[in-house]
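Peer 1: The chain contents come next:
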Amino acid sequence: MTTYIIRRLLIMPLILLGVTILIFAMLSQLSVTQRLALYVPDSPRASDLEGLAEQYGLNDPIPVQYGRWLGRMAKGDLGFSKTGKQPVGELIVRLLPASVELALWSVIPILVLGIWLGVKSAVNHNRFIDHVLRIVSITGTSMPSFVLGLLLLMVFAGKLGWLPTGERLSPQFRQLVDAPEWITVTRMYTVDALINGRLDVWLDAVRHLILPVVTLAYISLAVLQRVTRSSMLDTLRQDYVRTARAKGLAERVVVMRHARPNALLPVVTIGGALLIGLLNGAAITETIFNWPGLGKRFVDAARNLDIITVLGFTMFQGLLLIVGNLIVDMLYATVDPRVRLN
Amino acid sequence: MTQDSEAIGAVAHSIHPISPDVPFVDEPIANVVDRRSVRYVVRQLFSNSSSIIGTVLLTAFAVIALAAPLLAPCPDDPRQQRRCGPDPYNVPRYGFSQVPIPPNDVYRFGTTPTQYDIYYGVVWGARTAFKVGVVIVGLSLLIGLTIGALAGYYGGWIDEGLMRVVEVFQAFPFLLAAITLATILRTNPNFTGTMPAILALVAFGWTGYARLVRADILSVKQREYVWAARSLGAGDRQIIMRHVLPNSIFPVLVVASLDIGTVVLSFAALSFFGLGVPDGYADWGQMISSARTRIPSLVEDWYIVLFPGGAIALFSLGWNLIGDTIRDILDPRLAGGE
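Heads up: the sequence lines are chains A and B, in that order.
Be aware that the first sequence starts at 1, since it is given in this note's numbering, and climbs by one per residue.
Be aware that the second sequence starts at 1, since it is given in this note's numbering, and climbs by one per residue.
Same shape as in the complex, but just chain A (with noise of 0.2 Å):
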């Protein structure tokens, strides 16, 4: 397993590289004006072009430039934002405990109810409750996360009134968590209110995550859930269930103890890749529900064409990315033993 670890960490950095290539190749695709706001916080006039191109040598060959954009990039200098109106990278951090927020609160149901609910699912099959559960998840891959977040918003926010549009806090408290006395260590209000003794900020946090997390988290979970009755169903059918049965072993004992885990290691795969696919739903779940995560101002900057914004964030997600399929790699290999001891 550690040549298997070493060889990924070895390639990671080539990885890495590519990436830093493609998005340095879609940059370049833009005209100087964009590519100047790399290094200028405002837009040039038309005069100043020429004399700015030079001064940032933007015109001098692709490569030389690629090195010096990965200079500065290496030192954490992505850019200057337009739609932010900060440098990138303080803004990743200012927007990142929202979006950190979301995806953590959004990672239990997934984990939980898509796992419980595949197994449950898998060991009643043909059932009634299996039939419930598979209209469940196929409505769950079939609707597109916005349509999904919209209907809720319509009938639990519009109609019931039962829980706030959007934002995540009620105007009242806003002020509050800004204000002086307000002991800040996450940004996130869950964890933050807690700390600060507060629980009507609590509850209000939480109101305002409900219809978010549901929206991010339902499809992840239906995905999860046909994944893991589909492994369950393989497993259950496998000679070594069947000897334990014939042993007569309770079947409760069979199923939790004896098939549960072999079939849940494809479900570790697909599990790490939802999870890492979180980042996407987010964009289109934040942008609905005006919670002001990476996500939103992903999509803001995409819309107003703010390039330099839009290839930070996507240069952020990349390392995250890679970094979170090392991980679920690695996890994997500790869990499948046929991958150890390859």
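Some hints here could point you the wrong way.
Simulated DEER-style distance windows between Cβ atoms [as the list claims (entries may be wrong)]:
| id | chain 1 | residue 1 | chain 2 | residue 2 | range |
| --- | --- | --- | --- | --- | --- |
| 1 | B | 297 | A | 28 | 42 to 48 Å |
| 2 | A | 238 | B | 44 | 22 to 28 Å |
| 3 | B | 154 | A | 178 | 56 to 62 Å |
| 4 | B | 250 | A | 238 | 23 to 29 Å |
| 5 | B | 158 | A | 191 | 45 to 51 Å |
| 6 | A | 60 | B | 250 | 36 to 42 Å |
| 7 | B | 98 | A | 335 | 39 to 45 Å |
| 8 | B | 297 | A | 240 | 54 to 60 Å |
| 9 | B | 233 | A | 28 | 45 to 51 Å |
| 10 | A | 136 | B | 77 | 19 to 25 Å |
| 11 | A | 335 | B | 154 | 29 to 35 Å |
| 12 | A | 136 | B | 160 | 23 to 29 Å |
| 13 | A | 178 | B | 60 | 30 to 36 Å |
Which stretches of chain A does chain B cover? Using the computed rule of at least three CB atoms under 8 Å from a CB of chain B, they are [to be verified]:
| id | region |
| --- | --- |
| 14 | 149 to 156 |
| 15 | 198 to 209 |
I should point out that these hints are in silico values taken from the structure, not numbers from a laboratory.
All residues carry an ideal CB built from backbone N, CA and C; glycine is no exception.
Put chain B on the given structure of chain A with help from the hints.
Peer 2: Coordinates of chain B only, in the frame set by chain A:
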């Protein structure tokens, strides 16, 4: 293919190429069934309720798409003729007020806040969906198959190098990368209409097919009939064209055609953000995107979400249901499970 669907495809579909040249020896001879015959496929399609529903849904959409000029003809109003006369994909627009009109006798599904006819958009949107789906999957397949086949057949350094390229492309979250590329392409006047979105989705979608085809080829390469052909003196190219490719490609083609449903979802997401099609184009995602500005009053404006959204959901549902059945046909091992 999105990363999710690729992962699922890899798990749920096993590499099971069947050559017509070699008898299917794993089954008792008496029960030999040609799983690739059209008759068997059709029979399976009608064997359970979910695939019947899927077939009905997709046929309905195909009919709607084909009959679009009959179901939603360009209205006689000369102002509208200027929009949908030359290009029927331009949705008629009845004015410039910002208030949507609920369904009534004239506008069967109502209008969007910017006065686009939703009924027209949904009907012609079916055509757009098929068009866009087929084009994107087709192009992705072309690229993916080429690269995957090269990597799989030649192995060695070519394989390693190409797979690293695949990994680089897969290092980007699919939708976000597509958004990035679509945005960049849109600044370039050479790419108009649906091209930025299509190219963006293709650019990050081909990787799934490359990996699938490579895995299939690696498996097929070891089969006896390839050794046999080689020992008879067949050259590399002959082996690829006549033995390896046909058997490896078939499962990938099937997975690809099922991906049309997922691709339409991704394209709708791009359109929802305003990055897919030009304004006023007949596309389901485009119709829903105007709901973004009406979130406080969504209950009164329900038709903006329900009709196009329902279309997307049902379209996708149809593909998913049929997909399950086709996957069962491809892999007999899973047939007893689903």
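Peer 1: Against the earlier hints, flag every one the structure doesn't satisfy and list their numbers going up.
Peer 2: Hints 6, 7, 10, 12, 13, 15 not satisfied by this model.
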